[in-house]
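Number of protein chains: 2
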Amino acid sequence: MQPVQPLPFPPLAARAAGLSESEVRALFSVASRPDVVSLAGGMPDVRILPAEHVAEIVARVVRRELGRALQYCGGAGLPETREAAAELMAMEGIHADPGNVLITAGGQQALDTVAKVFLDPGDRVVVEGPSYVGAISAFSAYEPRFLAVGMDDDGMIVEDLAELFAGGVRPKFVYTVPSFSNPAGVTMSYTRRLRLISLCREHGVPIVEDNPYGMLRFEGEPLPTLHSLDPENVVYIGSASKVFAPGFRVGWTTARPGLFERLLVAKEAEDLCSSAFGQLTVAAYVRSEHFAPNLAGYLALYRERRDAMLAALEAHFPEGATWTRPRGGFYVWAGLPDGLDAKALLPEAVERRVAYVPGTAFYPDGRGRDRMRLSFCYPTVGEIHEGVRRLGELLCEQTGEAASEAASA
Amino acid sequence: MQPVQPLPFPPLAARAAGLSESEVRALFSVASRPDVVSLAGGMPDVRILPAEHVAEIVARVVRRELGRALQYCGGAGLPETREAAAELMAMEGIHADPGNVLITAGGQQALDTVAKVFLDPGDRVVVEGPSYVGAISAFSAYEPRFLAVGMDDDGMIVEDLAELFAGGVRPKFVYTVPSFSNPAGVTMSYTRRLRLISLCREHGVPIVEDNPYGMLRFEGEPLPTLHSLDPENVVYIGSASKVFAPGFRVGWTTARPGLFERLLVAKEAEDLCSSAFGQLTVAAYVRSEHFAPNLAGYLALYRERRDAMLAALEAHFPEGATWTRPRGGFYVWAGLPDGLDAKALLPEAVERRVAYVPGTAFYPDGRGRDRMRLSFCYPTVGEIHEGVRRLGELLCEQTGEAASEAASA
Numbered sequence: 004m005q006p007v008q009p010l011p012f013p014p015l016a017a018r019a020a021g022l023s024e025s026e027v028r029a030l031f032s033v034a035s036r037p038d039v040v041s042l043a044g045g046m047p048d049v050r051i052l053p054a055e056h057v058a059e060i061v062a063r064v065v066r067r068e069l070g071r072a073l074q075y076c077g078g079a080g081l082p083e084t085r086e087a088a089a090e091l092m093a094m095e096g097i098h099a100d101p102g103n104v105l106i107t108a109g110g111q112q113a114l115d116t117v118a119k120v121f122l123d124p125g126d127r128v129v130v131e132g133p134s135y136v137g138a139i140s141a142f143s144a145y146e147p148r149f150l151a152v153g154m155d156d157d158g159m160i161v162e163d164l165a166e167l168f169a170g171g172v173r174p175k176f177v178y179t180v181p182s183f184s185n186p187a188g189v190t191m192s193y194t195r196r197l198r199l200i201s202l203c204r205e206h207g208v209p210i211v212e213d214n215p216y217g218m219l220r221f222e223g224e225p226l227p228t229l230h231s232l233d234p235e236n237v238v239y240i241g242s243a244s245k246v247f248a249p250g251f252r253v254g255w256t257t258a259r260p261g262l263f264e265r266l267l268v269a270k271e272a273e274d275l276c277s278s279a280f281g282q283l284t285v286a287a288y289v290r291s292e293h294f295a296p297n298l299a300g301y302l303a304l305y306r307e308r309r310d311a312m313l314a315a316l317e318a319h320f321p322e323g324a325t326w327t328r329p330r331g332g333f334y335v336w337a338g339l340p341d342g343l344d345a346k347a348l349l350p351e352a353v354e355r356r357v358a359y360v361p362g363t364a365f366y367p368d369g370r371g372r373d374r375m376r377l378s379f380c381y382p383t384v385g386e387i388h389e390g391v392r393r394l395g396e397l398l399c400e401q402t403g404e405a406a407s408e409a410a411s412a
Numbered sequence: 004m005q006p007v008q009p010l011p012f013p014p015l016a017a018r019a020a021g022l023s024e025s026e027v028r029a030l031f032s033v034a035s036r037p038d039v040v041s042l043a044g045g046m047p048d049v050r051i052l053p054a055e056h057v058a059e060i061v062a063r064v065v066r067r068e069l070g071r072a073l074q075y076c077g078g079a080g081l082p083e084t085r086e087a088a089a090e091l092m093a094m095e096g097i098h099a100d101p102g103n104v105l106i107t108a109g110g111q112q113a114l115d116t117v118a119k120v121f122l123d124p125g126d127r128v129v130v131e132g133p134s135y136v137g138a139i140s141a142f143s144a145y146e147p148r149f150l151a152v153g154m155d156d157d158g159m160i161v162e163d164l165a166e167l168f169a170g171g172v173r174p175k176f177v178y179t180v181p182s183f184s185n186p187a188g189v190t191m192s193y194t195r196r197l198r199l200i201s202l203c204r205e206h207g208v209p210i211v212e213d214n215p216y217g218m219l220r221f222e223g224e225p226l227p228t229l230h231s232l233d234p235e236n237v238v239y240i241g242s243a244s245k246v247f248a249p250g251f252r253v254g255w256t257t258a259r260p261g262l263f264e265r266l267l268v269a270k271e272a273e274d275l276c277s278s279a280f281g282q283l284t285v286a287a288y289v290r291s292e293h294f295a296p297n298l299a300g301y302l303a304l305y306r307e308r309r310d311a312m313l314a315a316l317e318a319h320f321p322e323g324a325t326w327t328r329p330r331g332g333f334y335v336w337a338g339l340p341d342g343l344d345a346k347a348l349l350p351e352a353v354e355r356r357v358a359y360v361p362g363t364a365f366y367p368d369g370r371g372r373d374r375m376r377l378s379f380c381y382p383t384v385g386e387i388h389e390g391v392r393r394l395g396e397l398l399c400e401q402t403g404e405a406a407s408e409a410a411s412a
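Chains as they are written, first to last, in our numbering: chain X, 4 to 412; chain D, 4 to 412.
Among these hints, one or two may not hold up.
Covered stretches of chain D, as calculated for chain X (at least 3 residues, CB under 8 Å) [claimed, not checked]:
(1) 108-122
(2) 204-218
(3) 262-269
It should be emphasised that the hints constitute simulated quantities derived from the structure, not laboratory data.
In this text, a Cβ means the ideal position worked out from N, Cα and C, and glycines have one as well.
Let the hints inform the model, and build the full structure from the sequences given.
Encoded structure:
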């Protein structure tokens, strides 16, 4: 009975070759060292949520709904959670029937499930360049060919997508984070939203709109969500992670009838249903008197930190560096002076006790070496100043060296 | 801007064709009618968990760990939850390094993730006939070819698997619920466990052992888990859903190094991480003084209901019917007298206010029409007697009709 020969490693699926550790993940362990200022993570700062608010909501769920909270529920989610999600979407101009809302384990499970339903190996999928690293990971499991359409301060350069379509390219869907994008921090303009909507409808290509940050706008008027402009052709993904907390893993998606049912069946095969306890807690919180003031608290906090980061970048980053000026969300996207490589510099940056995510993580094709994502969501104002100072010092030295090398060459 | 032409339905992945509603799911709505005795569901009876125990544990998490409970965590899970899972596995003879334990959204997400890492379209996978319907659903998304190996009262007929191997069949893995299987309620004998282990090792075929019910043994001595017999070649899947509650969606898997890391990266792409709040609650509960007595309470409850179901079957089912005698778990698997079709009879059964799951749900190939799964986990003893009486009445009438038709033919 006792095995005598070594067991060879079993053959895996072709997709398993693509299941490599992401750059973001490898960084989490580094960035958690207490002396390192992490500008790398994308964690909402739940430390500002009053503990007594959460305790009250959780106690209410235990007191009133324990039987349901402990049990399995239907795969689409609990009625009050689907309704609460529809109410949050309504705040962004979306008229979603709760019966057409699928509760998922954060927005991430919705990304995985959408990809599972749409993508065969070799299918084309359009993402933004740069795009959310978690979406690239989720889609990669279904082995598509990625096309990354560039972005500027007005979001995705939709005319570049139009050229792809004109050249005959027909992706299975176009993925976008139109508001306060991760990682670029930019927002798609109204004109481009209209153009994207008409272009995709014309060519029969669905849009997947991922909008975790839409309610975290610091200034200016909200723009219409893509889903509100064309509900039939837009699969919308939302999340409670940034407006409340990620720890319950509650997100959602809504899609046209016919597609909704496919997403539901796929989601059920993935985990049967999302946590009933988490769903009831999120529904009760979103509908409580705590939601609005705490959301305002998040906004004030992130606005202050965004301002701190922009001021610190102005003060400490070298000439030739660029950065976006987000009007909401979590992230600034910085471009380095000529010749600098964010990936290569990361070990030295960590040595100097500051971390960021190199831009290459956000492209499916190796681009982004001269970019970095800087998060202002979690570090305090003091940490942001100190972290950007440390990073600026490193970049200025490197720029000086690059300049003197260029001069002596 | 306003769309003028109808939007055609977008092309989906090939796998989406298989994403149809399961028979079990369609039944949930029927079975939830209050006048119907449902012998269909697989819900643990969390109603017996004392509310004050759960309230105490949840309050402790909120008081001591709120910051972590509300936040994202590492994709593999929180340290204490991975340790608690290892402790539960140790109770079943498994020596798992907590660093090699992946926390998942119930055992279901582990099934999905294992299939994602192993299966390319057209690959063969061996399941038991009958097998857990949720495993068939999860695997189907990766488009394998199923082979169902028959079962008897000693579990999977391993010699039939040996014949397949001898004929050159090399599945990517063999999936089994060796203890108190869903739906058959049978347990693989020790001899067959040893044979399965040596056979699969000899042919380099990994085993996926799904063991949600192992700790719910009503009588007799525990048999060694497959993982404890060959840790290197067995991917083990466990769950807190049946020994505590499903509502937090906490399950786990452990696999050999190299494979573990692939599962981890795949899981991260699916949902980033499992609910930290749920993980902390499950870890605290499993390690509390409430776990052992409440598990004993579950056991006493399910044993009594198993006994009630076996007595009711003896009293009410027609001659020619067969059923298994489970020594643990949730399910009895019944065979109908010649010529009766459990799927065809279901609408009439529901009309008579009793529900079950027709056997066809548990085969990937349309077999099982003369079988039904009867659950004793959730209905009370009184409901079990009444439900089996209603069902027996229907079956006796049908058997009589079939007999007289046969006589007159």
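Hints and how they fare:
With 9 residues bearing a CB less than 8 Å from a CB of chain X, the stretch 108-122 of chain D meets the requirement of three and the coverage assertion stands. Three residues within the 8 Å Cβ limit are the bar, and the stretch 204-218 of chain D against chain X gives 4, so the coverage statement holds. Coverage of a stretch by a chain is defined here by at least three residues with a beta carbon nearer than 8 Å to that chain's beta carbons; for the stretch 262-269 of chain D and chain X the count is 5, and the condition holds.
When each numbered hint is compared with the structure, no violation occurs for any of them.
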